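Peer 1: Sequence:
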Amino acid sequence: MRFTQLNDWLSWLEQAHPNEIDLGLDRLHKVLARMELPVFAPVITVAGTNGKGSCVAAATALLQAAGLRVGSYTSPHIDHYCERVCINAAPVSDADMCRAFDIIDRARGEISLTYFEFGTLAALVLFCQHSVDVMVLEVGLGGRLDAVNIVDADVAVITSVAIDHEAWLGNNRESIGREKAGIMRSGKIAICVDSDPPLTLLQHADDIGAKLHLLGRDFTIHTASPASGTVFGLISKQPWCLSDALDDSSLLLPPVSLVETSVVAAILAVKALGVDVAALPLADVLGPLSLPGRMQRVQFGSVPVLIDVAHNPAATTYLARQVRAQKPSGRVVAVVAMMADKDIAGSIQPLIGLVDAWLAVGLTDVPRAAEATALAAIIAQSGAQVASYPSINDALTQLSTNPHTALCGDDLLLVFGSFFTVAAALAILMPDRAQEPNADQLGEAK
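Numbering (this note's numbering), first residue to last: 286 to 731.
Just so you know, these hints were derived from the structure itself, not from any lab. Nothing false has been slipped in among the hints.
The calculated lysine to aspartate or glutamate pairs, modelled on DMTMM-like cross-linking and capped at a C-alpha distance of 20 angstroms, are:
hint, residue 1, residue 2
1, K496, D533
2, K496, D481
3, K473, D561
4, K473, D503
5, K473, D491
6, K315, D390
7, K612, D641
8, K315, E395
9, K315, D387
10, K496, D437
11, K496, D439
Have a look at the derived ranges for each label pair, beta carbon to beta carbon:
hint, residue 1, residue 2, range
12, A374, S528, 24 to 34 angstroms
13, Q611, I663, 19 to 29 angstroms
14, R582, S471, 37 to 47 angstroms
15, P688, A509, 45 to 55 angstroms
16, R606, Q488, 29 to 39 angstroms
These numbers were taken from a predicted model, which means no experiment stands behind them. A virtual CB, placed ideally from N, CA and C, is assigned to each residue, including glycine.
Starting from the given sequences, assemble the full structure and let the hints guide the process.
Peer 2: See below:
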């Protein structure tokens with residue numbers, strides 16, 4: 286074995302391939318064939334600009350409730366690399382991951398693989414070793430050329446299509462939609478919960494003969510009370526309904542803290558695998574579900590904090606709706622750190638007017654992160670009040686020690702901008718959960 290410690294493997298993987306991102310499946314197909322893994326369990330593949338994590342979490346919980354053994358693969362992680370590969374929602378061990386990496390390393394021979402490709406193949410190895418009944422796989426980037434797409438999806442899910450990762454996917458929804466549609470398979474069910482799917486997505490489904498189910502055409506969601514209307518986009522605070530025209534069924538669903546459309550996609554995907562979702566205790570299964578770093582509530586002393594990984598305009602638009610719905614009587618102060626290659630101005634804009642004061646911060650040891658001063662300059666162009674700090678720790682120290690900036694219990698502290706931002710904030714606000722440095726996320730596109 287090349288290494289016996291996971292951190293050593295991860296450090297090596299960061300520099301093992303010439304490019305951090307190298308889209309394409311040819312190299313993966315060759316290595317996968319050499320490993321001669323057994324036939325895979327049924328697969329739900331989840332693509333989308335935002336909302337993938339909610340879908341994976343909900344699908345995993347529903348499948349487990351049905352008595353199935355579930356392997357789930359997500360990225361990136363927040364605290365520990367093994368969060369990416371879970372068996373029944375529990376991360377695999379470091380030792381398991383090291384052994385999986387070793388299997389891949391021996392099989393690949395002269396073929397070079399990226400950090401993400403190694404991780405994807407490791408997930409497949411581990412799911413076979415743990416004899417899972419279903420695999421739920423989250424696409425890392427796009428869909429058509431993403432490493433996850435090396436496995437044929439029995440059910441393909443597309444949660445949303447928005448502008449992100451333009452350098453790899455294109456700068457318009459039609460181009461991005463075609464890339465995400467690449468996870469569909471001929472004759473297999475595909476579910477799209479984007480309310481306005483690009484024509485390229487619809488056309489590709491038709492071209493290959495995928496059985497595409499669309500929000501608003503084949504199924505609808507609405508609040509349980511007719512007087513409340515049918516417009517969604519806020520985290521549910523009351524029961525709501527999913528009506529499926531394909532089997533003329535209706536499900537009453539509990540309030541959830543995840544994205545409703547993603548939960549709907551998970552329900553439909555699980556139904557497509559033959560699970561009787563209506564027979565499950567949905568309030569017990571879906572009601573308690575949450576995801577670290579997604580609309581997560583923590584405390585900063587007496588001050589409530591809302592933490593979210595939002596890092597593109599579509600995600601921050603959703604975040605702004607949450608802030609608007611929950612706006613406190615006091616101020617809203619935002620701490621933000623983002624990657625320099627993101628649409629910073631577009632991502633900030635939905636929150637302008639809701640946020641009373643901005644703290645732009647840097648992220649140490651993250652080369653892709655925007656410098657605090659550059660980030661502050663972009664925010665200042667909107668006319669907002671902004672100050673810059675080298676790190677999140679410096680910003681939080683300023684908020685807690687300076688009487689002019691000190692927060693109180695009537696205020697809201699908002700922290701967002703990337704998975705790196707969330708990880709750094711949680712390491713300070715919830716130090717007991719921090720398990721390892723996040724330097725091994727450097728190969729991620731988030």
